[in-house]
Each structure stands twice: as C-alpha cells, then as structure tokens.
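Protein chains: 2
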Amino acid sequence: MSAAQLLLERRAEYSVIGKPVPKVDGDLKVTGAARYVDDVKLPNMLYAKVLRSPYPHARIKRIDVSGALRVPGVVAVVTAHDFKLGRLGILQDHPPLKGDKVRSVRDEVAAVAAVDEETAERALEEITVEYEELPAVFDPIEAMKDGAPLIHEELGTNVAPVNFTFHSHPPEEIERVFERARAVVEGEFRTQYMNASPLGTMGVVAHYDSAGYLTVYTNTQAPFLYRRDLARVLGMDPMRIRVVQTEIGGSFGRGMDLYPPDVIACLLSIKARAPVRLVYTRQEELMYAPPRQPVIVRMRTAADRDGRLLAREARVFLDAGPYVSWGPYDGRVMMVTTTSMYNVPYVSYDAKVIYTNNPYTGTQRGAGNPQITFAIEQQMDELAEELGMDPVEFRLLNANRPNTVTPQGIRITSCAMAEAIRRAAELIGWRGRGSLGPNRGIGFACYFHVGGGARIYRSDGCGAVIVADDFGQIALITGSTDIGTGSDTALAQIVAEVLGVPVSWVRVVNDVDVSLRPWDVGTHASRATFVAGNAALMAAREARRVLVKGAAEVLGVSEDDVELRDGYAFSRSDPSRRIEIPKLIRRIHFRERGNVVLATAFYDPPNEMQDERWYGNISATYTFGCQAVQVRVDPETMQVFVERVVSVHDIGRVLNPLTAEGQVHGGVAMGLGLSLYEELVLERGAVVNSTLMDYLLPTALEVPPDVQAVFVGEDDPEGPFGAKGLGETGTVPTAAAVANAIYDAIGVRPRRTPITPEYLWRLKREKGK
Amino acid sequence: MSAAQLLLERRAEYSVIGKPVPKVDGDLKVTGAARYVDDVKLPNMLYAKVLRSPYPHARIKRIDVSGALRVPGVVAVVTAHDFKLGRLGILQDHPPLKGDKVRSVRDEVAAVAAVDEETAERALEEITVEYEELPAVFDPIEAMKDGAPLIHEELGTNVAPVNFTFHSHPPEEIERVFERARAVVEGEFRTQYMNASPLGTMGVVAHYDSAGYLTVYTNTQAPFLYRRDLARVLGMDPMRIRVVQTEIGGSFGRGMDLYPPDVIACLLSIKARAPVRLVYTRQEELMYAPPRQPVIVRMRTAADRDGRLLAREARVFLDAGPYVSWGPYDGRVMMVTTTSMYNVPYVSYDAKVIYTNNPYTGTQRGAGNPQITFAIEQQMDELAEELGMDPVEFRLLNANRPNTVTPQGIRITSCAMAEAIRRAAELIGWRGRGSLGPNRGIGFACYFHVGGGARIYRSDGCGAVIVADDFGQIALITGSTDIGTGSDTALAQIVAEVLGVPVSWVRVVNDVDVSLRPWDVGTHASRATFVAGNAALMAAREARRVLVKGAAEVLGVSEDDVELRDGYAFSRSDPSRRIEIPKLIRRIHFRERGNVVLATAFYDPPNEMQDERWYGNISATYTFGCQAVQVRVDPETMQVFVERVVSVHDIGRVLNPLTAEGQVHGGVAMGLGLSLYEELVLERGAVVNSTLMDYLLPTALEVPPDVQAVFVGEDDPEGPFGAKGLGETGTVPTAAAVANAIYDAIGVRPRRTPITPEYLWRLKREKGK
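Those protein sequences? They're chains A and B, same order as listed. For the first sequence, our numbering assigns the number 8 to the initial residue and increments by one for each residue that follows. For the second sequence, our numbering assigns the number 8 to the initial residue and increments by one for each residue that follows.
Treat the hints loosely; a few may be bogus.
Pairs count within a copy or across copies, as identical chains cannot be separated in the list.
[Stated by the list, open to error] Computed list of lysine-lysine pairs in BS3-like fashion (alpha-carbon distance at most 30 Å, straight line):
#: 1; residue 1: 91; residue 2: 590
#: 2; residue 1: 36; residue 2: 771
#: 3; residue 1: 774; residue 2: 556
#: 4; residue 1: 36; residue 2: 68
#: 5; residue 1: 556; residue 2: 48
#: 6; residue 1: 36; residue 2: 278
#: 7; residue 1: 771; residue 2: 152
#: 8; residue 1: 152; residue 2: 556
#: 9; residue 1: 278; residue 2: 48
Just so you know, these hints were derived from the structure itself, not from any lab.
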C-alpha cells in the first residue's frame, strides 16, 4: 500500500483534501495550450540580444554602437549612457547596464533590438567597446585578503556590507563549551555552482505602449517585488507598469529577483516603441542565469558523553560574484538551520558575503539549506562515530521536539522529526553501520525547513479574491504564483473542499496583471500552499457563508443544517433536500435584490521579522524529515550508484498525495544532481560547460526507480487543513545522506559536491597514504 | 457661464464628483494604445469570410464546399451540416448557419478560414450552393396578411409569438374615453432602418486551444449573456468558454446579442485548431450589422377641454426581419413611454412583431424610445394646436410629477420634467408658435427614459471588486462595460471620491475574461453609471473602512475624526495630522499581521420584473428632459438646417459635466441622423447604400455648433451620489423636436424619418393640393 493510499484511508473525512488530484493545469501543459513567456508573441515584436564583457574585470573606456545602428533591421540599441537608471539587487549594487566598469564576463554592456534574433546577434558584432583590463579575483578567500583587486573600489573591501552573525551566548562562553566537550568534530565543506535548469529559460517580453504604459510579461516568481523594483530602477511611476506573469516552466528560486535582461528589454522597448522579447537560449541560461550559491562552510560541533549536542559553530563564506542578489541571502537560511535543526544549546554562526569576479548568484530550491545540511548532517555522523553511537539513535536523541523554542527564537509547534527518523531507518532496513558489506552503504540525513512562510519582507502575506459565476465556476484570484510545484492545485482543492464543489470547478487565476491581484511576496521558502492556502481558505469560508445562507432559504432549513459537498447543498438532517450548487448560485442571484458570490481575504502568517541580532520566529511553522539513501560505489571507477531513497517528511496534513509525492521525487532528483553530478565549471569566472552535454543534469538513468516518499506527522495547528510547506524539502538532505552513505560504503568522507568519481578516487588515495 | 461651470459652483462639496474629469481611457485611445478587437493579433491567426445568400428567401438544396477546401491557404470551411448547434436570439429562432433555408440576403450559408482575407474571399467563390427560390415578403403589414409567404412555416403565421400588449383598462372603457374626449388626434408614424455606425465594426477573434478552452475576444456590450448564449448554442460547458471584452469602439446597442459571425468564428477555430478572426469591414457593417428597429406606429391621443390628456392608444408594427434579436424588444420600451411619459390615465398599447425577409434588427441607442417619441411628441403638438393651447403650456400641464405611479406601475421618484420644459423654452427663447417668421421654426419634444437600470433579465445587478496595490493604485474590477459612453470614468470618479484619491489612481478593469469579473447584465438602458456606479460606491465604502481604521491607528485619532481627501488621510480636528494614502496603505500592509485593501460589492437595483400584464416598475428611477430645436427650411430645396438645439436633462446629479455634455452632444447628433439623414435603403431586403458615401451619417457640417446641454433637477435618492442614467437620452426626443420645428416653420407635419427634402417637398405639394 502506497503512502498515498495509507493517507486516504486515514483521512477520509474530506472529499477533496488528501485526495490524489491531478494538477489543475496539467491539461493546459500537456496539450501545449499553456502560455509560457516563450509563447508571448505580440504584433511588431522585436528580438533583443545582449553584448557582454569578454573580461572578468575591466574598465570601459569607450562604447561605440554606431555600427550596430547601421545594420538593416536594427531598431534600437541601448547602453548605460542612454538612461539614468537605479541599481538592481538587495544591496542596490548592480547596474543593469555597465557603463564605467565590468566585473564579470557576463556583465551587460550594450543590447540591440532587431526584427529577428539573427540580426540582433549580427549587430552585436558591430559594437566596439574599448576596455582596460583589471586584475581579477575568483576565490572568495583570496578576495578577502589585503591587496586583492577590489570589485567595488568605493567600499575599500570585497566583503559586502551584510551582517549574518548570530551568537546564542558570548563567544568566549561558547568556546569554553567546546573546550569541555567530550567530542568535537571539525571540518570544511564546500558546495558548487549549480544551474536551476528549469525547462523554461529566463525571459521577458516588454511592451512600452504609445500611452506610456509598460507591460512586462515575465516568468518571475515574485511579481509584486518585481514591479516595485522595476519602477525604482527605471524611475517610472509604478502605476504605469503592468507585470503579467506567464505560465512558469519551473523556476526553483531563479526567478526571485529582477535581473539586467528584464530591465534591458524594457529600455529597448521604450527606445523602440515596440514590444521587445528577450528570452534566454539554453546556453544563455547555463551561462547567465544566477546559479545556486556555492558555499565554504567551516564547522565545529560538540557533544557530551551521553551524546547530547552541546555546541555548534559555523563560519560560512559566500561568493557573491560582483553583485549581491538572492544567493548570498541563503546565509540567513543556513543560520537558522545551524541554530535550530537539532536541540543544540550553544550556537555561533557567521557568514561573510564576498565580492569576486565570478558570476553573481541566486537562490535555489532549499536556499542554502542543502549546503549547510551537507555539513551539519555529516558532522552528526562523525560525532556519533566518535561517541560510538548509532547515527540513528544519536539523531533521535538530539531531534527537535514539539513546542520548544530554539536559541535563535525559532518556535517549533508541530514536529514529528523523531518519527521521521524512525520511519526512515525502518523503511531503509537499517541494521547498523557497515551492515551492507563492502562498497555498499546507507546514509541518513535529516532536514529542518521553514514550513509556514518566511518573513524576509515586511509582509509575508497573501491575498485572495473569489468570484463565482452563474455556472458554478469559482475563480480564485490569488497573489500567489505556481512555479510548477502544484500550489495552484492545492489552492483549488482548498476552495473546492470548503465550497463542496469538484476541483475542476475552481479556476486559480494568477496570469493577469499583478496590480489586479491581491499582494503576495512571491513563491519562495515553500510558502505558497501554506500562506496562499490560508488566504484561499479564508476567502472560501466567506464565500461559503453566502451559499449556506442561500441554501437555507431555498431548502427551507436552518443554516446549521446545511452541508456543501460534491457539488450539492443539502440538508444534513434530510439529505434528500438538496440543490446543485450552480443552481443554488443562480437562485441566489437571479431574483429581485439578488446577490452573487464574491469574497476576499488576506492572510499574513503569525511569524516574526528577525531583529538586528537575527533573533525571531521567522516562520509560522516548520517542517522536518529524514532521508535515507542506499548507495553502491564501484571500487574500480569510484562511480556512485544510488540504489534507494526513502524520504520521510513531516509536512502536516498532505493535501494531495500525488503532487506531494511528485515534489519529493523531483526534490530528490535535484538533490542527487547537487550530490553527484551538476556543476557549472568556471574558468576565470566564465562558465565553460554551457550545454546540457557538458552540464550533467541527472536523467532518468541517474534517479533510482525506488524513491519512496513517506509522510508522517499530525495536522499543523496553523496550516490550511493542517498542511505545512513542502516545495523545497526533498532536495535539502540528499547530498548529506549520499555523503554519509558513501562513507558507510567505502570509509571516505566527501566534503565537497559534486562527489565525482575523480574526487572520491583522490580521497581514497589520500586515505590510503 | 457654461452649464458645467454652474454645476461646479453649486456642488462644490465634493472633490471629484461633479468635476469635468477627462475620460480615464482617453490617453489610451488617442495614442492608439487601446486594444480594440481589430488589434487582437494572435500567433497563427486565420481570417474568416462568410458566404451569404443571394436570395431573400430560398430553400437550400445542396452545398458543396469541396472547391473551397482545394484553395491553397484555406484551413477550414464550415456549414450548418458540420455541427449540431443551438439557435440564436431571444426566441431562439435563428440558426447561426443556415442549412435548409435562407430567409434574407444576409443569411450565412458557409464560412471559410484561411491564412489571409483575400484567400478566404477567393475560396467563397469556390463554394457551390443550389437554391430553390421562394416568394418573399418585405412589408410587415403585407406579411401579416393571409397567403403571405411564411418565413417560418412551422409557425403558420408571420406574427412572432411575442405579446406586447398593455391596457390600463378594458379596451371598451378606453374606447369610451376617446369617444367623449374634447380633442383626439390620430396618425401613422414611421421610422427607418439605421446603422449604428460606431467607429469599431463588429468583430470577434475566437481561439479554441489545444486543451479545449475557447477564448473569444469580442466587442460585445453584454459579455456575461454572450458567454451564456455561446455555451448554449455551441453545446459547450460554459467553464470552457472565456470571453474577453476588448476596448469597444462604440456600440450603441448593436453589441447586445450574440450573432452568427460570433458563432461562426468559434466553429472555424474549433475546426482549424487555430485562432480565427472575423471582423467586419465598414461595408459589411452597413450591410450585415443589425440596424435600428424600424417601426410603424398608429397612434391616437385624446385630451379634455382643459388640456388634460385623457387617453392614448398605440398600435405598433415591428418588422423583425426573419429572426427576433433585440430590435423587436424595443416594443417594450415603446410601451413604457406610451403609458408613462405624461400623466395620461387611459392607455392602450399593442405591438406586433412580424417576420419578413428584410434584415433582422437590433436595438439602438434609445431602444425604440426615439421612434415612439416621434409619434407621441408630435401628437402633443397637434393636440395643443387643436385645443388652442401653447405647446409648452400643454406639456407642462401634463408633465410627470415626482412621487407618482403611472398606469403601467412605473414609480416616478425624482422628476424635474416641468423644470426641464421651462428651461428649454426659456433658453431657446420661445415666444409662441410662428414667432420666428416664415421658414424658420422652433419645436419641442420631451423625453422619458429609464434611469435606474431596466430589469429585462432576472438580474439587473452589477458586481464590483476593489484591489488596492501598495502604490495607491485602486483597481476596480467591474462587471460593467464602457461602450464608449464614459461610464468607466464615472466609476473611477465614484471610487476616487469615496477613497479621497485622485481619479488617475483608480483603474477600472473590464478587459479580463468575463468569468473573473463579477456579473453585470450588460450595458444597455443607460444603466452603467447608475447600477455599476452603485456597486462601485458600495465596494469603495467597504475599502474606505479599512483605510479609515488604519488611519485612525496611524494618526492616533478616532475613526470618526478621519477624513480622506486629495490623496491624504487626515484628522478633521487637526488637519496637520495627515498621511499620504499610498503610504497609509503600506503602513496597514507592511507590518506583522498586516492587511491589504480588498473589497467586494454587488448592487441589484430595487426595480421590478414586469408581470405577464407588463405591469411593474422596471427601473429604479427615470430620467426626463425636454429638447428645443430651431430649424430653417429652405423653401426652394426643402432642405432643413438645424440652427440650434437646447437639450435639457434631469439626470439627477451630474457626476461629470464634461462627459455628460459629450453624451448629450453625441446623442443629439445621432438624433439628427435619425431625423434628417440616415437610412439604410433596402431593395428586396438587400442594403443598397453600403458605404458611407451613400449612407448619410451626419458630419460636423450637419451638427450645429450651438447644441446646449443643460442639466436640471435634484439628487436622485437611489442613484450613486444622486446620479441617474444619461447614455441614450440625448437621442430620444430629437426627431420629434425637429418634426415639430419643421411644422412650426412651414406648416407641414413630417410623419416619417428621415425627413428628407424630397419627402418634405411631397408633403408640401400634397398640402398645397
């Protein structure tokens, strides 16, 4: 019996919630009817191409675009000198077009809009740029040293002005705990650059119309912030800017920020007075899309003789590239996991964000959590080994428990972490270290993640508007964005459950101009189903009141006696008295002094903005889980074969076992990519493996057929129908679990990703010495 | 001082209401940024052309489309035999494609979708249709006679099964009143076929996508009913149909129904699996768009010796053409004016709807009211003359008064009819009959029209949703449609006034899929500002509560003390305590447990569905007015020159004197077209003047510069800010006033429109005999 079936049996009280409902946008997607940004074709649309720096660091002496303007078919050319622009990024350190200096090989120097892509490409060759090359730095540790080339001279340092430091106690007190501990492990862990590799590449179609309205079709995952930032950078009245989110072919965090191509397409459209399309090719996506934040983590963890964690210290180095986008802010997520994943009383965390001439980074599924978990969960195994404890028992001993507060002020409410660990061990068939014999091993890793929003902005809320039509269609206009996770399906289920209608009657709307949608901060931190779901739930309950009142009148019963289910309103006491809901809607509407079903709601989760010490309960609830991975390592080639994955999750109530399983499967695949395969290889800051021939995305051959998604835990008190977030968590523990399994198999401990055969071979050789 | 200025002085208490605010969509329209149906360009869009019958009445023996299918570039061809379709129109007597029989020369027999219009045209020539011609009938009176060719054989008669009969008393009782009256006048009046001639011709782009969703871009003025009807006719689930209303380049009633081209474009798209465009050329518009309902009115009116109206009887004959669309339903409007325009105790009304082989008709601005007013208001002059009374005094004596109920159950609340008559007489400088000397004359005509909706459907309501963004933009998602009248501007003003923001911050949204908009029955009966305005008002008041509550907190004052005005929330008692509203919105939102400004409302006016006797108060309020026209008639050519028009209206509070004046000016121009110029000339049911060279639309040369729009009356108790409807009324009395002026000038009474020189010459010659 599958996990999905088990759930169904256990939770049969609902008609739609907990059922394996196929994705509501599935038909649109499989038939090709969904409109991705690539499908936006506007009359007279022009095509844009961008000229980038050939040097990782150089001063721009002169830009001459006159040659490009002479190319037949070219309509507009832009450089930094054409517009007075604001800067992009969290620290506003990123000019959308570079006029004085380039700081990486992908820096945008000029762009062309032409009648087709070929002409635009050709025109780029006619632009002359004179550079004065500058010394460059590509290693964040090097970049912190005195005398390193300065990326932003005016700062006088390459360390970005970002403070990611948290101490539970004064540093010397923590140090004393380490000194007196029974066991301390210490090590450095490194993770790589990864491309998010969604099917839909980054893209935008910008249309500045003759009335001065700028409409931008984009696959951003944070359209409200996108509009705000675009207005600021362009210096335009936000009321003149209309952002329409297209269908999103995956995003995985890539779409969190406003990037130079977004602005460039707008500038070209303003100049050309025509729609301008700028959509990345796959090669451009690999080279220029913001990759996952690579990290260097130096970590120490200490435990007492009984195996209780005493202290953990992490020193993290985050290579921002030349500009701070969302990648370095993974440092905040890593902080919370460091302080709060296990019950550890003394914690010290510091992350430095360092400018280099590498690519700037974005956030990606898990947002730093896979990276820090790679360190934490290996040290858990190391400590257990040092203490002579079973790694499962050691984790159980230190696992989070419900209704506790961690040193960083994280308030844990629902928590089935221990159950998740036990289930993972049971289902993978754990019989202790080395029990599978040589070259085969099992590794465990837990995860801890936000599951009830994440207040990284002053509002973590989401709005919902319900408009029912006379045919029974319930339109839910949501601020929320489905980036491919199935969150729209969850929202449809929530509304359908409350209103007692089939899911297919609910239409989730988020493809209209964002200023017609009620606010949402964007889809990140696994928050869509939790936050937007609660908003949808509240709005649906308001809509339900109209239906119940109307049904009571029509059926001649009291409102308390009315039930809505399966498309009918009926009397609980006499179910033969019933009316189809579409008919009920018409009965309520089509009479003198009638009414229609309209409702609104706004839900802002009860979480906290962290204070200047980074103390505070950032999420309304948290998710927990444990992944067990079984690997075989070929002793000749050192190739790692993942044979089984058991992925156990406490995400509260599972709204949809089908999409939940899908999320876990996808998350594990992505985690395996991080663990073993994917890496953007840089040479002097330039991506050299810019095709999917060279960039090793896991395929069906790399993902084992036996990935088991298991759900444990109880309803969360704050979640919609008890649900917590799930989007990212499948990815979080995988690399750590794979590394632990490799150690179990061959006795070497991989401390960097991807864990390539070559790397393992070197480790083994070093061990042999 | 203009009427607009006068109003401003009188009603200074509001910041936006009553101000001459330019149209909110003006910038979009004058810059060409507005997207009309003609601007909808979808990728791979095909172009459709329709094959129509060459015969007014014929049986179809055979249709062979194989030749068309062989034309390169043709993608799809449809005939009635390809789909099982429902029928169009109020009586569902109209097949979208004709398979067995054609009943007029515009009947659609087949249609082609091809890569361009030329190919589609060419392919039509390759379709072979074999007809068996049938005898035809083109005169409604002839069509009622025994032995006339039957348009719908199955009915056994050409009189459509529509009952438009109202008697205030038993017929014999009414007849006795006529017998005993001091004065009775009797006559027959006829009006012509008129084309609505909006700048935007009829059109649709239909897109049946690969997932089975049908999206229709249309310039309908009743998108909710359009979707319902389209689903019924196509036999499709309405949830699969998405109707998007484009910007509307005028409609004037033409867009009230679903027509064959709408369905045909959908069928072609379903067959071709590609978007299909079917937009009329100007010539097609003149030939095939539904014209204004022509009428034959036989009327008697009786008065007592004191000049009090005693009785009125109207016998109306409405030529429906072969199918009943909205045109014949003008019979209901004519009924209400007949019974309720003046205080006349005995009324009898009967309208027959008659099938012929002429074009089927639509409704048009005023919806029968100009036609019936042409009869009523001439008889008012005739009666006054017969009684030796001044026509102004006679009208004043019989004018409606506030708080009365007419024989048909029309409840008159606010009513400044008498004031309107007096002002018109005063402003035109009336000094009695014939006072302007030979060949120059003044004529008066009053009007009476619905001004508070018109319950012709079970719901006369409109919904509103307000979504405010963080920049202070207030999106009003309305069910209502601005067909060019400026109703969106009025809605924006209402919301702006309530929320204390500039009009430019309000964005009226009605260009999204209709199933995301809250219901509205459609823009007709001058109802948009009244009904949608009340809905907007209610929603704005709900939104205001959020702002006031937030402002009280932020400013530290009580809610009672908060005022919203000019973009600020401030303390009434200490206006220095204030905050900009966008900032206030952000303060309310960007905090823990924040809130956003969302609101909904639905307003269904307190009017009544008329009963089977046609008794009932169809509108929540009514408008009144009087138009005075001064003409000069050239005694040689009998050409009529309109020298001045004074158009006085009681429309309650004038929300926007600029757009109100514009509506009156446009209405008068259209009324002059009806009076003197426009006529679709038919030969055996075919329009023969199918260009604007032959069809005499009044130009700037025909409309006198001196058209004075004057507004009288008090706030209506039910209207938004006291407003009543205005859209149609400028047109209603013009023809009658022109006719009365001509009589005053040259002593002949025109009883048909258009009052051409030739017609006047004939009248004068007859009189001379």
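Do the hints match the structure? See the list:
1. 91 / 590: Answer is between: at 25 Å across copies they meet the 30 Å cutoff, but 57 Å inside does not.
2. 36 / 771: For residue 36 and residue 771, neither the intra-copy (47 Å) nor the inter-copy (73 Å) Cα distance is at most 30 Å.
3. 774 / 556: neither (74 Å within a copy, 69 Å between copies)
4. 36 / 68: This pair counts as neither: shortest intra-copy Cα distance 48 Å, inter-copy 45 Å.
5. 556 / 48: The answer is neither: 46 Å in one copy and 45 Å across copies each exceed 30 Å.
6. 36 / 278: Between copies only: 21 Å across, 35 Å inside.
7. 771 / 152: neither (32 Å within a copy, 107 Å between copies)
8. 152 / 556: Answer is neither; intra-copy 71 Å and inter-copy 55 Å both fail.
9. 278 / 48: Answer is both; intra-copy 19 Å and inter-copy 23 Å each pass.
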